[in-house]
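Per my numbering, residue 914 is the first one in the sequence shown, and the count goes up by one each step.
Calculated directly from the structure, the hints in this document are not laboratory data.
Backbone N, C-alpha and C define an ideal beta-carbon position, used for all residues, glycine too.
Please note that a few of the clues may not be correct.
As the list claims (entries may be wrong) - Using C-beta positions, here's what the derived DEER-type ranges look like:
| id | residue 1 | residue 2 | range |
| --- | --- | --- | --- |
| 1 | Gln923 | Ala943 | 19 to 25 Å |
| 2 | Ser1126 | Thr1152 | 36 to 42 Å |
| 3 | Ala960 | Val1044 | 41 to 47 Å |
| 4 | Leu993 | Ile1123 | 28 to 34 Å |
What the hints assert, rightly or not - Using 20 Å as the maximum straight-line C-alpha spacing, the simulated SDA-like pairs for lysine to any residue come out as follows:
| id | residue 1 | residue 2 |
| --- | --- | --- |
| 5 | Lys1081 | Pro1059 |
| 6 | Lys1111 | Gln923 |
| 7 | Lys1081 | Asp1029 |
| 8 | Lys937 | Ile920 |
| 9 | Lys937 | Ser1078 |
| 10 | Lys1081 | Gly971 |
| 11 | Lys1111 | Pro959 |
| 12 | Lys1146 | Thr1159 |
| 13 | Lys1111 | Leu1124 |
| 14 | Lys937 | Asp916 |
| 15 | Lys1111 | Ile1123 |
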Amino acid sequence: MSDHVIIERQGPVQVIRMNRPDKKNALTRAMYQAMAEALRQGDADPAIRVHVFLGVPGAFSAGNDLNDFMAIATGGEGGLEVWNFLEALAGAQMPVVSGVDGIAVGIGTTLNLHCDLTFATPRTVFRTPFVDLGLVPEAGSSLLVPSVIGRQQAFALLGLGEGFSADKALAAGLIYAIVGEDALEAAVMAAAALVASKPPQALKIARDLILGSREPLLARIREEGEHFQERLKSDEALTALMTFMTRKK
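Between the sequences and the hints, there should be enough to build the whole structure, so can you do that?
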């Protein structure tokens, strides 16, 4: 397990906490792998009935660690851990609840598309600057987002990289509820406890009916992944990434 991902079990609730506050929870390959393993192990454990994702105060996740992107863009290989995580998330057998506070960029936004309940704080902004980095949407977002909020709002979020406030995300149906920063974790854990209290077999059937077949989603994740890997090695992405990294210094 990565030191930057803390896995806790509170009765039937498995908490997956991203804990890299100095980098605003930018996700490394090791963090993706740790979270993928936690999801699969939790799904295989009959004592676990719900997964919870949390970040740190002010930062759910700033997205992928750009150093990993740069390594691939400049000739390196890798990224399998990301796709392992996305497939484990999209295929999760247990309900998933998330609590988002503050920064939610890239995967920090798209992770929540796979959650059954997402709570966010008023200061949260959801943003997916994939195209600005010369990349493409991931995590099945090109399929999921238009189905929830319609084509034009989806283009604004995924194509233009427009930030969605918590209020706008709630109105669009992307999240379940807005709660204060101090109340976020308690609200998430209360919801997780409620989920865990339901008859598990009936809830699984209900959830499976709501989600439908996962195969179209998994196929889209793979299709996006192929484009993403190709784009990472493109001159366009390399230029955008170098410009962004230079700006950060």
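For this session: Run the structure past the numbered hints and jot down the numbers of the failing ones, going up.
Result: none
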